[in-house]
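Undergrad: Here are the chains, one letter per residue:
2 protein chains.
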Amino acid sequence: MRIVLDAMGGDHAPHEPVKGAVRAAKMYGSNVVLVGDEAQIRAELKQYDTRGLNLMVVHAPEQIEMDEHPAQAIRRKSRSSHVIGLKLVQEGVADAFVSAGHSGASMAGALFILGRLPQIERPALATILPSLHDRPMLLLDVGANTDCKPEYLAQFAQMGSIYAERTLGIPTPRIGLLANGEESTKGNRLVQEAHLLLRESNLNFIGNAEPKDLLVNDVCDVVVCDGFVGNLVLKMGEATVSLAAKRGALELRRSFLPRLLLGVAPIAALALQPGPGRWRTLIGAAVGGTGMAGIMLYPLWRLRRVTDYRVYGGAPLLGVKGVVIIAHGRSDAVAVASAIRRAQEAVEVQIVTTISEAVSAGAVTT
Amino acid sequence: MRIVLDAMGGDHAPHEPVKGAVRAAKMYGSNVVLVGDEAQIRAELKQYDTRGLNLMVVHAPEQIEMDEHPAQAIRRKSRSSHVIGLKLVQEGVADAFVSAGHSGASMAGALFILGRLPQIERPALATILPSLHDRPMLLLDVGANTDCKPEYLAQFAQMGSIYAERTLGIPTPRIGLLANGEESTKGNRLVQEAHLLLRESNLNFIGNAEPKDLLVNDVCDVVVCDGFVGNLVLKMGEATVSLAAKRGALELRRSFLPRLLLGVAPIAALALQPGPGRWRTLIGAAVGGTGMAGIMLYPLWRLRRVTDYRVYGGAPLLGVKGVVIIAHGRSDAVAVASAIRRAQEAVEVQIVTTISEAVSAGAVTT
Numbered sequence: 001m002r003i004v005l006d007a008m009g010g011d012h013a014p015h016e017p018v019k020g021a022v023r024a025a026k027m028y029g030s031n032v033v034l035v036g037d038e039a040q041i042r043a044e045l046k047q048y049d050t051r052g053l054n055l056m057v058v059h060a061p062e063q064i065e066m067d068e069h070p071a072q073a074i075r076r077k078s079r080s081s082h083v084i085g086l087k088l089v090q091e092g093v094a095d096a097f098v099s100a101g102h103s104g105a106s107m108a109g110a111l112f113i114l115g116r117l118p119q120i121e122r123p124a125l126a127t128i129l130p131s132l133h134d135r136p137m138l139l140l141d142v143g144a145n146t147d148c149k150p151e152y153l154a155q156f157a158q159m160g161s162i163y164a165e166r167t168l169g170i171p172t173p174r175i176g177l178l179a180n181g182e183e184s185t186k187g188n189r190l191v192q193e194a195h196l197l198l199r200e201s202n203l204n205f206i207g208n209a210e211p212k213d214l215l216v217n218d219v220c221d222v223v224v225c226d227g228f229v230g231n232l233v234l235k236m237g238e239a240t241v242s243l244a245a246k247r248g249a250l251e252l253r254r255s256f257l258p259r260l261l262l263g264v265a266p267i268a269a270l271a272l273q274p275g276p277g278r279w280r281t282l283i284g285a286a287v288g289g290t291g292m293a294g295i296m297l298y299p300l301w302r303l304r305r306v307t308d309y310r311v312y313g314g315a316p317l318l319g320v321k322g323v324v325i326i327a328h329g330r331s332d333a334v335a336v337a338s339a340i341r342r343a344q345e346a347v348e349v350q351i352v353t354t355i356s357e358a359v360s361a362g363a364v365t366t
Numbered sequence: 001m002r003i004v005l006d007a008m009g010g011d012h013a014p015h016e017p018v019k020g021a022v023r024a025a026k027m028y029g030s031n032v033v034l035v036g037d038e039a040q041i042r043a044e045l046k047q048y049d050t051r052g053l054n055l056m057v058v059h060a061p062e063q064i065e066m067d068e069h070p071a072q073a074i075r076r077k078s079r080s081s082h083v084i085g086l087k088l089v090q091e092g093v094a095d096a097f098v099s100a101g102h103s104g105a106s107m108a109g110a111l112f113i114l115g116r117l118p119q120i121e122r123p124a125l126a127t128i129l130p131s132l133h134d135r136p137m138l139l140l141d142v143g144a145n146t147d148c149k150p151e152y153l154a155q156f157a158q159m160g161s162i163y164a165e166r167t168l169g170i171p172t173p174r175i176g177l178l179a180n181g182e183e184s185t186k187g188n189r190l191v192q193e194a195h196l197l198l199r200e201s202n203l204n205f206i207g208n209a210e211p212k213d214l215l216v217n218d219v220c221d222v223v224v225c226d227g228f229v230g231n232l233v234l235k236m237g238e239a240t241v242s243l244a245a246k247r248g249a250l251e252l253r254r255s256f257l258p259r260l261l262l263g264v265a266p267i268a269a270l271a272l273q274p275g276p277g278r279w280r281t282l283i284g285a286a287v288g289g290t291g292m293a294g295i296m297l298y299p300l301w302r303l304r305r306v307t308d309y310r311v312y313g314g315a316p317l318l319g320v321k322g323v324v325i326i327a328h329g330r331s332d333a334v335a336v337a338s339a340i341r342r343a344q345e346a347v348e349v350q351i352v353t354t355i356s357e358a359v360s361a362g363a364v365t366t
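Note that the protein sequences, when read in sequence, are chains A and B.
For what it's worth, the numbering used here labels the leading residue of the first sequence as 1, then goes sequentially.
For what it's worth, the numbering used here labels the leading residue of the second sequence as 1, then goes sequentially.
Hints listed in this document are in silico derivations from the structure and should not be mistaken for laboratory results.
One or more hints might be untrue.
As the list claims (entries may be wrong) - DSSO-like, lysine-lysine: derived pairs with alpha carbons at most 27 Å apart:
(1) A/K149 <-> B/K149
(2) B/K212 <-> B/K246
(3) B/K212 <-> A/K246
Stated by the list, open to error - Some chain B residues well away from chain A (every beta-carbon gap over 10 Å; in silico):
(4) E121
(5) R122
(6) E151
(7) L168
(8) A293
All C-beta atoms, glycine included, are put in the ideal place defined by N, C-alpha and C.
Please model the complete structure; the sequences and the hints are all you need to start from.
TA: Dropping the structure here:
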């Protein structure tokens, strides 16, 4: 099995993608084809001991920049890492394509070069969300289709159900429909019509799911929505975490010094008092303070880890003729390696064939 | 000026609404008409010293329950606190209606009983969001209209601009359009078309706004979206805060005891060592630990206060012939009192007449 990695994609390319490829080759035994500027990739590779690792380099002289129009860039830049990488998958030379670069270009490229699966109306981008319980929660579509028909959402549910079952190991996944209330009368017209389709399907449909059902309650495994709403909801979650972190840091900065002085004053008064063993006050204060800081910081550190996008790897684009994993633009080597592993898992369980067969069998008619 | 308060609305009615009315009468000199079950309201009022306060009770024998269909309930329950309260405003006996009860019924009732302002296509529910900088950020629509046309969004922008200018004191408010990217090509069809309308309007339109622009960046004062998306985004913010709080508490519980023992061990070892002044170790540790806990907990407490929905009072329903403030169902007395104050401010600046005149002047043609 060969995984194509867009070595030029992401905010820290080619350094982090190349490092991630080395990491995946070492940790998961991955066979990675690095596509991009050969000289740059080889210069990066020299920093690591790559003996015995399955790493190949394929030269691509062009790159798609973040401000380019996705479809136009794919058409014009036939020698870009996106186009050359996806063609390797299309020709059967490789089995999956992973990129942390221009996500619109990855989706457009997947559509033009690999093509849609027969009977799939629209491919969908799926992502795993952090949740209170430690089970993965799959949300799709998070950005491939800004305007959807009810039938698309029903197909997203079907693809998501298969993906959750096969790669996340969830038997008969519980499917929710993202809405602003549990009642079937809630939601906009699209959601109300999709609700009826899903209720008639043979999926394990549990009804409408609210944002708290995505993150806090353990009521569903897969939640579907249109790509505009999914992308906004995802970004709102990120923005809220960012607000809390920044605001917390601001408050800490504002209050740290006066409070530190408040704490230091009694300790100093105590330590300066004459009498034997006054150093004990200081040691006691240092140990007590450090211990308490550890007790309070550890859960915050764990919280950061739990909401860390890196451990979830990339987002699979479901419904195209090939495995395509879109990683976060900010991906570091750890994130790139876990996106490569996600691609391997999807290839192993033959996700493309499975989705194609299930949809052909007509679980949801459109 | 008289403010009608639905004394039967909210999770803690009539206790908290009545307490909130007393608080508003004392703190803001409000003149409040409590509508609901007279016996229950009077029993609650007896708990407070209400001499000299402007509090009136109007009996309403029916209530609208949370699971009722909004429009049907308004039509059927003509003796409910919603209908009787809104009629007091419609007849000019009172100037504003405040409710923490069934929000759908409040909106439907406002439409049926007060009616839309001429030339307003759809009223919109506006809410103030917490943000990193301490300036208020107005988001609308957050739930009145699940399916919108581009013209509605343009009118929401106009109403929001006037509200922000008049009641929040922001001169020529910066208007954003909620989308999943800054570029004007981002967003679904509705957003793209609304973008063109807003660009042609005489509003201070700054372009598309992403969720991070709502919460973290100080780039706009008013952001518009359809009510389905607005409601979801709001709920996603709440769910993320809830996830972080619950997860943080879980991690703290998991790690507190083992870490406390880790901290206690060296202190105990030190304190048990023979020698003079060993009590100093303990006092030092206690002071140091408490000081550090204070330093770390204070910003978290401040964070909670900043994201507290209560201080922002209720959400105004803009575009109807009267001032209507919809408070959170979980409102306590503090939240109810600040919703009453918000209603007073809106009446004082004659928000209804101002919106009506501005829209008639044709800032946005539909």
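Undergrad: To test your reading of the hints: which numbers does this structure violate?
TA: 8
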